[in-house]
Amino acid sequence: MTGVPGVNMSQESLVEIRDLNFTYDERPILTGINMTIPRGKVVAVMGISGCGKTTTLRLIGGQLKPSSGSVRVAGQVVHELDSDGLYNLRRRMGMLFQFGALFTDMSVYDNIAFQMREHTDLPESMIRDLVMMKLHAVGLRGAHALMPAELSGGMARRVALARAIALDPMLIMYDEPFAGLDPISLSIVGELIRKLTEALGASSIIVTHDVQESLKIVDYVYFVSAGKIVAEGTAEEIKHSTVPYVHQFVWGEADGPVPFQYPARPYGEQLMESAVRRA
Amino acid sequence: MSRTTLDLWVGFFVAVGLGALLFLALKVGNMASSSSGDTYAIQAKFDNIGGLKVRGAVKSAGVVVGRVTEIRFDPEAYQAVVTINVDDRYKFPRDTFATINTSGLLGEQYIGFEVGGDTAMLKAGDTIKKTQSAVVLEKLISQFMFNKAAEDGGKK
Amino acid sequence: MLSGIIEALSGLGQRVTSRIWRLGYASRFFLAILLHSGTSVRRLHLTIREIYFTGVLSLIIILVSGMFVGMVLGLQGYDTLQRYGSTEALGVLVSLSLVRELGPVVAALLFASRAGSAITAEIGMMKATEQLSAMEMMAVDPIARVVAPRFWGGVISMPLLAALFSAMGIFGGYLVGVQLIGVDEGSFWSQMQASVDFREDILNGVIKSFVFGIIVSWVAVFEGYDAEPTAEGVSGATTRTVVTSSLAILAADFILTAFMFTGT
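Same order as they appear, the protein sequences are chains A, B and C. Sequence positions in the first sequence follow the numbering used here and run 1 to 279. Sequence positions in the second sequence follow the numbering used here and run 1001 to 1156. Sequence positions in the third sequence follow the numbering used here and run 2001 to 2264.
To be clear, the hints were calculated from the coordinates, so they are not data collected in a lab. It cannot be assumed that every hint is accurate.
[Stated by the list, open to error] Which chain A residues stay away from chain C? Per the calculated CB distances, all over 10 Å, these: (1) S70; (2) V77; (3) D82; (4) S107; (5) P183; (6) L215; (7) K239; (8) P244; (9) H247; (10) V258; (11) P266; (12) E269; (13) L271; (14) A275; (15) R278.
[Said to hold, decoys possible] With the Cβ distance kept under 10 Å, some of the chain C side facing chain B (calculated, not the full set): (16) I2048; (17) I2156; (18) L2164; (19) S2166; (20) A2167; (21) M2168; (22) I2170; (23) D2197; (24) L2203; (25) V2206.
A virtual CB, placed ideally from N, CA and C, is assigned to each residue, including glycine.
Build out the structure end to end from the sequences listed, making use of the hints.
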């Protein structure tokens, strides 16, 4: 049973993943995944590109159905929900997509107001106050009239973050929130994730391969390799982990369990062959 | 683009589009004659209807007074039976002559009504007694050639 | 060599089956659009916005093309008719050609290349940048919010554009025939009025343009929604929209014309 130190086992976790298997076109993407995301904590899911991290987020959000196993959010099994149930669940989740995924045909203000207008009957005056509040939390209140195309990468990411928390969700998921940002924006986004999670009393799941920034702000880390969880622990435990894969990842080593060379025949052999052919 | 400007442009577009449709319907097409007014149906029998078609015009004094609605073959009399819907406003005497004419030299064929002097009028369901079939061009030509040959033969 | 033939045949078979599969998928998508059209009606401004982008922004190309097509009809028509001494029939020639065929078909082809490709590119880009996915995760159905309004916007715009094309064309034919060449103005219009039937010609033309509108809008939104979320994917989808809808329009035109204008 996975355990987060300092957390009472009987405390209700927000997300519980048990024995999750997911295959796509007969290729196994995730095998035997077990995760627990407690309330109010920031959890990171790390691994190299293509190991199944984003798939996990989609399974939690109900965009994909598991092949076997269960995903529980707030006690409800996600893939057994009907469309109304899924609708209600998604209203309480926020997601920050890679590179923002802002609606390019609307202004920053309209992007954040989108969910409020779609899901609530709040009057425009109240919506205005709420939007400004969210924008102020990410430091972009003055940019409310800009279009997404006019924003820098860091600003767009912050707007997307404000949009993710528009309806004060209980679970926020981040898909590579640090990808492609300059150092200043990096630390801003990291700080915001931590602060907003605590302010909202929500849980956050960060899918990332940015070790530096995430280890600064997370409570717990799951390491995924080839669809399986190979290591887990608090930020401190991970930094001093002796698991070869984790060690290579955290210290950025070129070669290790994740090989440098893409699988191919030994080079010496190939050279010999071409020399023989030329002769 | 603000919502009001957008709505304005769309309203303009829809108005202009409907205007074009109206223009086509009224100025280009002829709605008047295809509007179904009240009509009564009569029949006429022809030996040969030539190229007359259903929905062909029925004219009297050059004005359209009705439409051909049905063309049948009578297997007992070996004649074509044409059903005509005549506009209710116009009554024709019972000895009306129905002829099949061609508009122009090579144009469409239509039925022409030539009125006689009968005081009794045609009612719905009546049949026109006097008809003249269409002129078939081939027969005309062969007749002409026959006459020409006979003329030449006679001269010799 | 035999294996080559077998390979070619199985490749062909696979391509045919994948096309048929795609057609089935597209048909289910069409049904989904119809079922989720409530939002397009309840939030009319979404549809109105799309009517603007597909209809209003196509006005220039439709009106100018219509004018030119009508003018060419006037020129060519006059040239042919005068050989039989029937130049007063020019009005009939121009109007019937436009109202029955050229109006609906050419306007639909232009619409497919301008508005159809734009719709496909827009939806494809939204898919590539994960905007559709984001919308889904916000519990807003992208088919109801993004796809259906664009579909209905196209369906509503198409008949209006076709009518405008025909009207402009007739005006162009009038300009060339009557003003430029000197055909009698009175007989131009009177013969036209006598020969163009509202139900037969004009209404059938409107029905055609309505059918074409459905075809173009359907293909455009489907290709956009189904595009590969990459740059090449979106560009391929846009090309496919123009090609597929153009072919479908011409095929449908043949079928509709056979139904409407033959027989007694």
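Taking the hints in turn, this is what the structure says about them:
| no. | hint | verdict |
| --- | --- | --- |
| 1 | S70 | holds, 20 Å |
| 2 | V77 | holds, 18 Å |
| 3 | D82 | holds, 13 Å |
| 4 | S107 | holds, 15 Å |
| 5 | P183 | holds, 25 Å |
| 6 | L215 | holds, 27 Å |
| 7 | K239 | holds, 32 Å |
| 8 | P244 | holds, 34 Å |
| 9 | H247 | holds, 33 Å |
| 10 | V258 | holds, 26 Å |
| 11 | P266 | holds, 33 Å |
| 12 | E269 | holds, 31 Å |
| 13 | L271 | holds, 34 Å |
| 14 | A275 | holds, 34 Å |
| 15 | R278 | holds, 31 Å |
| 16 | I2048 | holds, 5 Å |
| 17 | I2156 | holds, 8 Å |
| 18 | L2164 | holds, 5 Å |
| 19 | S2166 | holds, 6 Å |
| 20 | A2167 | holds, 4 Å |
| 21 | M2168 | holds, 8 Å |
| 22 | I2170 | holds, 6 Å |
| 23 | D2197 | holds, 6 Å |
| 24 | L2203 | holds, 9 Å |
| 25 | V2206 | holds, 7 Å |
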